[in-house]
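Construct the complete structure from the given sequences, taking the supplied hints into account.
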Amino acid sequence: MGDIIAPNGSPLSVAVIGVANMDASLAFYCDIIGLTASAPRIWDGEQFEKLWKLPPGSKANAVFCELPGLGVGRVLLLEFNATQRKHIRPPDVARAFGLINLNFYTDDIVGDSKTIAAKGYKFWSAPAHYNLSNKAGAPTEVVFDGPDTVAINLVELTSSDPNTRVGQMRAYVKAHGRTPMGFTPVVTTSHCVRNITKAVAFYTDVLKSGILIDEVLSSPVQNHFLRLPEKAKTAVKFVQGNHMFGKVAISQPLNYPCVDLVPAAVAPNIGYIAQTFVVKDLNEAKTACENLLCEVYAPPMDIDMPGVGRCSSYIVRNPGSGALQQIIQLG
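For the record, in the sequence shown the residue sitting at position 307 is 307 according to our numbering, with numbers rising by one throughout.
Keep in mind that the hints were calculated from the coordinates and are not lab data.
Careful: at least some of the hints might be erroneous.
[To be verified] List time: in silico DSS-like cross-link candidates among lysine-lysine, alpha-carbon distance up to 25 Å:
| id | residue 1 | residue 2 |
| --- | --- | --- |
| 1 | Lys-198 | Lys-208 |
| 2 | Lys-280 | Lys-50 |
| 3 | Lys-174 | Lys-114 |
| 4 | Lys-122 | Lys-198 |
Note that the structure is a prediction, hence the values are computed from the model and not measured.
What follows is the structure, given as structure tokens:
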């Protein structure tokens, strides 16, 4: 199995999702994917309002979903009490600037797709098998519209060659277990950007992650299941922290237009609001953000974050897209 390329890097710890209806979201993340949910908790108070730039009296019903004991690829569901909430991603939008999707690995993509589709979820295509480079390997993927405007990508690692990235990840998954429903926690999440160089610099310089895959995607098979134009070309770089789960796939459209989800991707709206990463030294991360001229969204503050506990938090906008990136130091 391949080595972790960035042993000091920070993988995705938490994807923060604003939900329209908590019961409906839990039916997906717990009943279908098989993550374990915390007891519901009301998150409110002055620090909560400052963190998410909400008016006095704001609160959210919070549920934390995870594969216990793993610490990466988790999901924080927040049902805000605001009346003026809007969906971040329109249902007909396949690729847009901002935080787009959550990926889960499965060993039976065809069977799982049929089961999930029978529950009413809309799939973009049939599962598609395609080749990346010789070093990357060949996965099978399918995308569907999950709850709360978040696109969900199922991936079956169909390469077993240990000399490929896909083969290495396949071995890693077998060693690290799955949920009772046969899925992993969030293994990868997609971040579409205007400037891939600036975006990747945040993950490498601030979070100390490494580049795992560097490709230009352009095959008809890939474009079809991603609902992109037939001749679309997309630069993609996968970054990895100290775990093979919680990766981030950073993409930049090279020859086609995109809408911008970033302005709407804030609390209390419905959809993918922020990515959360744990670092050892928040001051060091803050300095790295300043060197990249990251726009500050919420200054450093101590918070009690559902599912995470007491921590120091700092939220900036990614310099390549403007998407919200929360950096926390535990304790």
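Going through the hints against the structure:
Restraint check: the Cα-Cα separation between Lys-198 and Lys-208 comes to about 14 Å, which is no more than 25 Å; the hinted pair holds. A distance of roughly 23 Å separates the Cα atoms of Lys-280 and Lys-50; the hinted pair therefore holds under the 25 Å criterion. Distance restraint check for Lys-174 and Lys-114: the Cα-Cα separation of roughly 23 Å lies within the 25 Å cut-off, and the hinted pair is therefore satisfied. For the proposed pair Lys-122 and Lys-198, the alpha carbon gap of about 34 Å is over 25 Å, so the pair is violated.
Comparing the model with each earlier hint shows a violation of hint 4 alone; every other hint is respected.
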